[in-house]
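Asks: Listed below, chain by chain, are the residues.
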Amino acid sequence: MMPTPGAPAIRLTDIHKSFGPVRANRGASLEVMRGEIHALVGENGAGKSTLMRALSGMYAPDSGRMEVADADGILHEVTGWSTAEAIAAGVGMVHQHFMLVSTLTVAENLMLGAELTKDGALRVLDTARAAREVDALSQRTGLRVNALQRVSELSVGEAQRVEILKALYRGARTLILDEPTAVLSPPEVAELWQVLRHMRARGETIVLITHKLDEVMSISDTVTVMRHGRTTARLRTADTTPPEIAREMVGRDVVLATEMRQDAAMAGEGWAVARDGESVAPASDARSLGTSSFPLPALEVRVLAVGNARRTRAVDDVSFSISPGEILGVAGVEGNGQTELIEAIAGFRQVRSGSILLDHRDITHTAVRARGQAGLSHIPEDRHARGLVLDYSIAENLILGQQHRFARGGFLNTLDGDRIADNARRQIAAFDIRPNDPTLPARALSGGNQQKIVVAREMGRDFRVLLAAQPTRGVDVGAIEFIHAQLRGARDAGKAILLVSADLAEILALSDRVAVMYGGRFVVVLPRAQASESVLGPYMTGAEEAA
Amino acid sequence: MALSKSRKLLVLLAVLVVVHVVFLFVRPTGASAARSPSDVNVGIVFDLGGRGDKSFNDGAYVGGTRAERELGARVRFIEPGDGSDRESGLRLLAAEGMDLVIGVGFIFTDDLTQLAKDYPRTNFAGIDFAVATDPAGNPIAPPPNVAALKFREEQGSFLVGALAALESKTKKLGFVGGMDSPLIVKFEAGYRAGVKEVCPQCTVLVGYAGVTPEAFRNPGKGKELALSQYGQGADIIYHASGSTGLGVFEAARQTGHLAIGVDADQYAEAPGHVLTSMVKGVDEAVFDVIKLVKEHRFRGGIYQLGLAEHGVGYVYDAQNRGLIPDSVRSRLEALRGEIVAGRIYVPSTR
Amino acid sequence: MSSSGEVAREASIRSQTAPRSGAVWIRLEESLLPSLVALLVAAIVGDILIVVFGQSPGAVYRLLLEGTWGNSYGFGQVLYKATTLTFTGLAIAFALRAGLFNIGAESQLAAGGFAAATVGLALPPGLPWIATLPVYVAAAALGGGIVGGTAGVLKARFGAHEVITTIMLNFVVLALLSYLTAAHLNVPETLHTTEIRSGALPRFSDFFASFHGSAVNVVLLLAVLACAGAWWYLFHTRRGFELRAVGLQPEAAEYGGVRPGVVWTRAMAISGAIAGLGGLNFVLGYKHYYEEGFAGGAGFLGIAVALVGGTHPLGAALAALLFATISQGGLAVNALVPKQFVEVLQAVVIIAVAVSVPEVRRMIRAQRKRA
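Protein chains in written order, with my numbering: chain A, 1 to 547; chain B, 548 to 897; chain C, 898 to 1268.
Just chain A, with the same shape it has in the complex (with noise of 0.2 Å):
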């Protein structure tokens, strides 16, 4: 074991973790120093975030040893605790998906549960005592937030803020963050960096789990890597590289020119770049000889506008045009109206006015089904939502849109379970969805599978035009590597692909052309060599309107 400075602060010991057939932990180990940022990655599905809810008192672990140490740095054992006891023990964890009251505003979600009440019987709420702790902590920690604001009104970045706060107001002195990143734009997560370095300058401890290796190279102290519910690997952020952390997270030897491309899918914009500009020459060249040579763009969206529960214009007159062999990405902060606008051209949101053509067809008016037929694919932004239906087997799900191509004719439309469950076994191996059995619900796998029933299902078949929202989004390093390297395969045999992501450096590793969508309008389009985090950044916040 290498040296590392500071004493324990959290020691997990062969921890093994069941969930009916399902092994989520099998032997995991972890030791966290103080005052460290400690990563713990792993692809989707490894265990990280089971074994950090064990470690928080979410779930008793079946078996294994948790210690955890006190103020005075004094490791104790414990077995099976409550979240309660764990947060009284200084262990608070930020999840992934926000618990907090959205019409209570920050200082009564911080206060929840253990509330200040006015001295006298009535135990009246003290709501401005608590608001002057809640603004003298987010000073002390440079968590910034308005104390009076309800939650309804932050963005995610502040939500996420005061989860943080929540957590070191009830005394956290070791805190988890869930992968806190998935949510936040780029300016956001360099504030949540600083946040963290802040933190960890005043020695408070940090498990940050991710699968992001360009999170774990820029901001941990130590990695602990996580394959098939075991702990791996512990090795020194300074000490390691990408490649290396990769491999032991997918625990094989990762090909280089896969591991190159790998690298330029989930590094920041130095990788992107470099890589980018080899991969994608030759088809970035037929595009540019082809934007005036294919007289019919596979995709047409004419001044579309698109209302949503609370503008009337969250789209709001977006013109773009896709052609064959073509992958037009769109990046931008997350809510600037790419759903309505993929929700649209998928065809379950109203139009307001403009059109949509595919292969010059007009589908603006038509059902989900004609659309489909037409040759629309659609990997929507959630897959736990609208991509699966996560009680359904893997079978089913891989059928899902394209059941009538699976049933008999006639009046019952019963449906050909023999046909049902070859295409399963195909596409299973085909696109390497794992565990391989197609009787089991999609609830059961893990991320990254979940979203390859998708990608199988979307793109294992003809079609014309991919929607491609989020493609990879809570998807493991394996999955995204494997999703990648699909879409560039379509593109190449002349599908025209619309690609929405949050994540910026995939969309340069990806496009030919690059729009920024800022207040639901193009605010630009430029070619993949005129595009770069720095180019682009401004007009994701607004700050530059142009053409």
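It is worth saying that the hints were derived from the structure and are not from the lab. Hints are supplied without guarantee of correctness; some may be wrong.
EDC-like mimics (lysine to aspartate or glutamate), calculated; alpha carbons at most 20 Å apart, straight line [stated by the list, open to error]:
hint: 1; chain 1: B; residue 1: Lys601; chain 2: B; residue 2: Glu816
hint: 2; chain 1: B; residue 1: Lys841; chain 2: B; residue 2: Glu643
hint: 3; chain 1: B; residue 1: Lys716; chain 2: B; residue 2: Glu761
hint: 4; chain 1: B; residue 1: Lys838; chain 2: B; residue 2: Asp665
hint: 5; chain 1: B; residue 1: Lys719; chain 2: B; residue 2: Glu771
hint: 6; chain 1: B; residue 1: Lys664; chain 2: C; residue 2: Glu1240
hint: 7; chain 1: B; residue 1: Lys555; chain 2: A; residue 2: Glu133
hint: 8; chain 1: B; residue 1: Lys601; chain 2: B; residue 2: Asp782
hint: 9; chain 1: B; residue 1: Lys664; chain 2: C; residue 2: Glu1148
Short, incomplete list of chain A residues facing chain C, as computed with Cβ under 7 Å [to be verified]:
hint: 10; residue: Val351
hint: 11; residue: Ser355
hint: 12; residue: Gly372
hint: 13; residue: Ala385
hint: 14; residue: Gly401
hint: 15; residue: Phe411
All values reported here derive from a predicted model rather than from experimental measurement. Just so you know, even glycine gets a beta-carbon here, dropped at the ideal spot from N, CA and C.
Use these hints to put chains B and C onto chain A, whose structure you have.
Replies: Below, chains B and C alone, put in the same frame as chain A:
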């Protein structure tokens, strides 16, 4: 090492089985003490409302328990859970070899007719048994082992009509009916006749809550009708409308007027505002039919129970005595005598 | 190097799928145990009640079993009651699979029975039941289907919550049927129509004398067919696939090219039609007339049947048998304990199942989220 979830459940299951088995052997003192055999075994099946309806079913219960006390009869009661339980209850009792099986309510009519054929040696009785008529309008006799116990509601209504007219200061009276049907028209006709008998110049305001059985379960409508009639000058209202009448009492209480109840003594619904109630002697009828069986005098057929048979009457007791002067009381008793003697004919249709 | 990696991966995949042999037993255990625990809890609450009433639980339960499964008349009555409950329970389970809470089974049942009766009164007397049955089935399904479908259309077109609309339709439809019966069809001094003289369905007692007196009739076979049909539809047809997807995740179904509004309308119409078929049990199998209020309670008990049956067609049939047994058994033990005993017992079964069976819990949660 924690137990797996299904192991825990298995343990829980075992514990529950043991607890249940232990319970099976619990025998509280006095449990199902064998009742002494009796020469009259009677089964009574209530209507869906069951015990506690303060009306027919309770009346039948009172009659049955009185028969147990005074005649030494053994009476079993059954409360049905749903519609098919009516026949099922009758059948269970008949199959047990009861000497007499009673169905409480007109709804038992078809079931009793059916059962009487299946069990020709068992005696049956139906409270408010609906006698079918042939196309010419003549009543069709029930099977020979069925006693159709019908009440002359018009006679009781006649007396409360006379009472209302004698008590009225405005010379205007009200009637609130439930569902507009021949059964309720009987009440209205008797009531009108009673009013006219003692006060030819009095007028009667009439309102019905509806034309469906729902009209017997609509207190809001009852209150509306009653308020309207009080508003037009009526000072006493007689209702024959099931729980719709609760609205009539509410209106009486609110406006400070009087109302007359029906079927059972309804004084408690609005103390001080219930002049009297036209009661049907379900308890008397049940007791009497059990007595007939005990004395081997039971005959099938249609029994019309009027004032003479104490089948109907009106409430005059400690609670409402203050509302009814002695002179009025004696006038009513005189009218009763006239009807029993057949000198006054009370109509049962409009 | 890479080939050994392959082998290792294969091995790990196999190890993930290895414990299959015991899986069947585990799955069975996991699905049966909670229900058994729930039923035992209900039985023990029953024990306590019986003791409170001053009786011996052993004696009461023995009497209950003797009066139901212990003699052919009682058993026939259980089957008769289970028939109606199977239809309403199946109807509600079917709608629940589409994510809809059909509170209106009672009025759909009544409408189905009324439609069958109206057709029956119009038919020339004396036709054999085999010839008229299809007509009656169509009428009953249509009657219930229109009522159910109305709620479906209101939801699909105007977003009106089906719980509200089906409750309101209960009032409207029952009042309307009551009016039609009372004003136009009824026999004086009764609440029922004149007798249907065509196509009365045979009772089981016509074939097996020991069922004599019991109302159980061939509609029971229709109920079994309905369960099988619903099962096939839900789990083996394209539309069933789409319907369940809408019930589980309407957004995902929409994504899959399904229009939830269409599915809701269709599901409510079918649900109503199934409930409507239940009307045949009383109208053609038992009394041969439509009677005001014959559907009383069957709609609400159907909710319990659907929940306890885990919204599965087979489960609904079994749960219907359970509730029919409790109901008929209550009559048998009525001499020892009051009717309320049965009502409490039914309620305890429902609560215990709702609390302890994970599927039911999840469904209730999903309902709440959607509502």
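Asks: Are the hints correct? Go through all of them and say.
Replies: Cross-check of the supplied hints:
| no. | hint | result |
| --- | --- | --- |
| 1 | B:Lys601 to B:Glu816 | holds, 11 Å |
| 2 | B:Lys841 to B:Glu643 | holds, 18 Å |
| 3 | B:Lys716 to B:Glu761 | violated, 33 Å |
| 4 | B:Lys838 to B:Asp665 | violated, 24 Å |
| 5 | B:Lys719 to B:Glu771 | holds, 18 Å |
| 6 | B:Lys664 to C:Glu1240 | violated, 32 Å |
| 7 | B:Lys555 to A:Glu133 | violated, 45 Å |
| 8 | B:Lys601 to B:Asp782 | violated, 26 Å |
| 9 | B:Lys664 to C:Glu1148 | violated, 61 Å |
| 10 | Val351 | violated, 16 Å |
| 11 | Ser355 | violated, 21 Å |
| 12 | Gly372 | holds, 6 Å |
| 13 | Ala385 | holds, 5 Å |
| 14 | Gly401 | holds, 4 Å |
| 15 | Phe411 | violated, 10 Å |
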